[in-house]
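Trainee: For the record, the sequence lines run as chains E and P. Taken in order, the first sequence gives residues 1 to 518; the numbers are from my numbering. Taken in order, the second sequence gives residues 1001 to 1518; the numbers are from my numbering.
A portion of the hints provided could be inaccurate.
[Stated by the list, open to error] Once the Cα atoms are required to be at most 20 Å apart in a straight line, the calculated EDC-like pairs of lysine to aspartate or glutamate come out as:
| hint | chain 1 | residue 1 | chain 2 | residue 2 |
| --- | --- | --- | --- | --- |
| 1 | E | Lys318 | P | Asp1458 |
| 2 | P | Lys1476 | P | Glu1495 |
| 3 | E | Lys476 | E | Asp486 |
| 4 | P | Lys1318 | E | Asp177 |
| 5 | E | Lys476 | E | Asp503 |
| 6 | E | Lys476 | E | Glu500 |
| 7 | P | Lys1476 | P | Glu1142 |
| 8 | P | Lys1476 | P | Asp1458 |
| 9 | P | Lys1476 | E | Asp486 |
| 10 | E | Lys318 | P | Glu1463 |
| 11 | E | Lys476 | E | Glu142 |
| 12 | P | Lys1318 | E | Asp486 |
| 13 | P | Lys1157 | P | Glu1483 |
| 14 | P | Lys1318 | E | Glu463 |
| 15 | P | Lys1476 | P | Glu1463 |
| 16 | E | Lys157 | E | Asp177 |
| 17 | E | Lys318 | P | Asp1445 |
| 18 | E | Lys476 | P | Glu1463 |
| 19 | P | Lys1476 | P | Asp1445 |
| 20 | E | Lys157 | E | Asp190 |
| 21 | P | Lys1157 | P | Glu1467 |
| 22 | P | Lys1157 | P | Asp1190 |
| 23 | P | Lys1476 | P | Asp1486 |
| 24 | E | Lys157 | E | Asp458 |
| 25 | E | Lys157 | E | Glu463 |
| 26 | P | Lys1318 | E | Glu142 |
| 27 | E | Lys318 | P | Glu1467 |
| 28 | E | Lys476 | E | Glu495 |
[Unchecked claim] Selected chain P positions facing chain E (in silico; Cβ < 7 Å):
| hint | residue |
| --- | --- |
| 29 | Thr1043 |
| 30 | His1055 |
| 31 | Ile1085 |
| 32 | Asp1124 |
| 33 | Pro1242 |
| 34 | Val1247 |
| 35 | Val1277 |
| 36 | Asn1314 |
| 37 | Phe1368 |
| 38 | Met1408 |
| 39 | Phe1437 |
| 40 | Phe1462 |
These are computed hints drawn from the structure, not numbers from a lab. Nothing here was measured: the structure is a model prediction, and the numbers come from that model. Where is the CB? At the ideal position from N, CA and C, for every residue including glycine.
There are 2 protein chains.
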Amino acid sequence: MDQMTEPGEGTPRRRRGRRPVRSQDAGSPQVPFRQLRRHFEPTAVVSDDELEAIHRASLAVLSTVGIDVLAPEARALFAGAGASIDGDRVRLDPEMVTEVISTAPSEFTLHAPNPNKNVRIGGDNVVFGAVASAPFVSDSAEGRRNGNREDFRNLVKLSQHFNAIHMHGGYPVEPADLHPSVRHLHATHDILTLSDKAVNAYSLGRQRNRDCLEMVRIARQVTNEQLDDEPSIHTVINSSSPLRLDVPMSLGILEYSRRGQVIIMTPFTLAGAMAPVTIAGAVTQQNAEALAGVALTQLVRPGAPVVYGGFTSNVDMKSGSPAFGTPEFIKAAMLGGQLARRYGLPYRSSNVNASNAIDAQAGYESSFSLWGALMGGANIVFHGAGWLEGGLRASYEKLVLDADLLSMMQTFLEPLGVEVEDLALDAIGEVGPGGHFFGTQHTQDRYRNAFYQPMVSDWRNFESWQEAGSPSAHDKLPGLVREALDSYVPPQLPENVAAELADFVDRRVGEGGVATDF
Amino acid sequence: MDQMTEPGEGTPRRRRGRRPVRSQDAGSPQVPFRQLRRHFEPTAVVSDDELEAIHRASLAVLSTVGIDVLAPEARALFAGAGASIDGDRVRLDPEMVTEVISTAPSEFTLHAPNPNKNVRIGGDNVVFGAVASAPFVSDSAEGRRNGNREDFRNLVKLSQHFNAIHMHGGYPVEPADLHPSVRHLHATHDILTLSDKAVNAYSLGRQRNRDCLEMVRIARQVTNEQLDDEPSIHTVINSSSPLRLDVPMSLGILEYSRRGQVIIMTPFTLAGAMAPVTIAGAVTQQNAEALAGVALTQLVRPGAPVVYGGFTSNVDMKSGSPAFGTPEFIKAAMLGGQLARRYGLPYRSSNVNASNAIDAQAGYESSFSLWGALMGGANIVFHGAGWLEGGLRASYEKLVLDADLLSMMQTFLEPLGVEVEDLALDAIGEVGPGGHFFGTQHTQDRYRNAFYQPMVSDWRNFESWQEAGSPSAHDKLPGLVREALDSYVPPQLPENVAAELADFVDRRVGEGGVATDF
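Extracted from the complex, chain E is given alone in its bound form (with noise of 0.2 Å):
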């Protein structure tokens, strides 16, 4: 059942040494990196039939209003599927809709660089992935500022030690010192020597596409053609709601399904703003452009594994700011993941809140996504870790936080024992009436491993935590980041691997990356 203690299925060793699993690395317990899976019924929102007016009207919205599509050779894939264009804007056929899009596949395997932390993705499975693309970050030491490489790598460094972090959902932040030129070409090759978790491109044109496929396949050691049918590297695509699919978004689709790689169909539909009022309007506009792109990577390559996102939250009508984390929030997170399961496709949704600081408001709006993600079916949950400030900031100390707050969850997925032994009918017998089970050998033998123990959470009474100075959740939290950069422990790249990637990277650097017009 734990595919990650096993070679996944039809994975030929490699070169590299295979890292055993361990229930701790150095630095405080951990839980263990481990595939997660769901052994409940996701909540369901709303009735069959309401799901049904829901896609109904999806598909209206793509066959009436359509959707513009901004790159030529995206248009003509449409075209060549039958449907109507004019100019940027493609008409979609409910039914061609559902025949293309059925050809997704329910569940399939994200390989990481390091075979024992490939990922399964869709069915039951759960995983999770840091903060990704905050062009801000901050530490408690030195504030907020923009975001830059040293930080970049640390950030990196954090999402590799903590098990609970499946794998990366993107930069956990923007790497700003880097002219974007080559910026991809370190940011992906710091991210392929820090750590060896699947790893996220983003589609920002042919050429860097092309780069990092390149760099992920020299780190797994496989051929193009083993590339092609091992989906090893994801990229989220967001429509530019409402209803448009950019440029370098429908290249990617072109590229990435072209290449068997993941395309997480993510359309960011902000109910009151970029999206109707109602979050059954939201979604239903969520609905149709996530449909048109996922059909998109079905004409591109039938069978191209493609992820259902959800991410449609609710503006503050007072200030214009996006909100997450909220009633709305939930019940569209739960609503995507209803929609994403009538297709029969993974789903996605997110870890997120608006607040500016580690604070009461960071812990319950964060807690209310992640539920709202869980209980909603989500195969992927991203920016699970150390999202702040809705979205504009990864924090050091929140990701620590976070991870906490998923190693939780992780605790609470793992199946509640019922067998004889659980049930303790001879330890209670034994303590009866009156009595405590401190000292009985049922106790003994399992108190140690018993309980989840928190990073975070201070548990002492208040007058012990009184006397040491009465500190928040905050005040603990640069000591545990510390800690965790101090036990960080780099994965093992074997010499001729980190020496082809650095080889790929200065060559390609000296080329001068990719044209840019600053």
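Dock chain P against chain E, hints included.
Mentor: Showing chain P alone in chain E's frame:
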């Protein structure tokens, strides 16, 4: 469907004027006072077979180990039903237990002094109660102190003020400056004059129980016969785990069930301390204790309303302190719900945390326990607002924060509208690719009430937030507490009722209340 806006079935008109349901009282906008319904399936954390294993193990505990029942009258009732009695020890035949508990109702109405605030308990109904029984109290102005009547009264006012709080769960804080001989008289008088929501009484011996029943009868202006037919008071019965029902608790069941009032049978089974270290074992013991108590209610009066209470958590094995909001707590909460539904009983869980501060820990532990309760099918969530420090402390500020969380939950529980206008096809067509929805008629018609407006969450952008002094959620709370207390509106208690209540309290206080030995 919203039974709160109509007089309850079989509820005769009262002399008291019915206050209209308003979407907001004075002060910040609020959700309306409304009976909530869970419109999705609760989460099952074990299979049906595993559930049966726990059920059978619990019955085995009751038949082999048995339970100590310290009140002779209670033992006599068990004996009359065929139980084997050995000193205090009562052993119950499995078939007998199953048969006896079958008369308990799965759903009933708890009558409040104001019939508009009656609450429906069981089925898919959900109601929230405020913090109860804390020995300490705190606010940010004066810090942590012993419970006292002034704080007690203020917390009752806050519980009355916030519409998301449906009922009282007990004394929010112990008014320790009132002598125990008369405390129940003054405290219950305070609750009945400062609030019109459904009330609790503590089970602290015959005389106190009778005094509380009489005061609630006066407040509702009903006859004793009508009171006996209309549950109007609830009392939480905690077994002394493991496997003991002490005299005041046994008498509470005898007194209140005889009068048709609501027993909330809640073992406090702390895994690793007063219960086995495994969650399955701790819940097996919880279930044994709960079933014994439920059986006693039905032996007293078949059909008496009773709620299955789950309160299994784990100790911190380092310090021995109880932990709350943990993965183990959530699994136990969901498992308790499965057992309650198996027996056709309403289910009670809690919103709890072990934090000493209103920080991220308080935010995530509370959110985790609240989600565990809700997804686990809890019909009553106690300690819903204000609980801190593992229940040792009632916090003004935490009460306001939690009122916000409960309001978010209420909004989440409101059905997602999927009518034709909600799907917004016209608006999507009108805006088209690349536009925005701010100005559309569809948005303009709905934006004021489209989304939940939080009290606490700060959604300003970083710059505005920093200019305002970088306030955390905690910093905002004292102002919200003052605002809520300032806008508190006392219930409209008719003069004759107020006089009758005052006379009763004066007389009973004059008689010395209840004899104590100190």
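Trainee: Determine which of the earlier numbered hints do not hold for this structure and return their numbers in increasing order.
Mentor: Violated: hints 2, 4, 5, 6, 9, 12, 18, 19, 21, 24, 25, 26, 28, 30, 31, 32 and 34.
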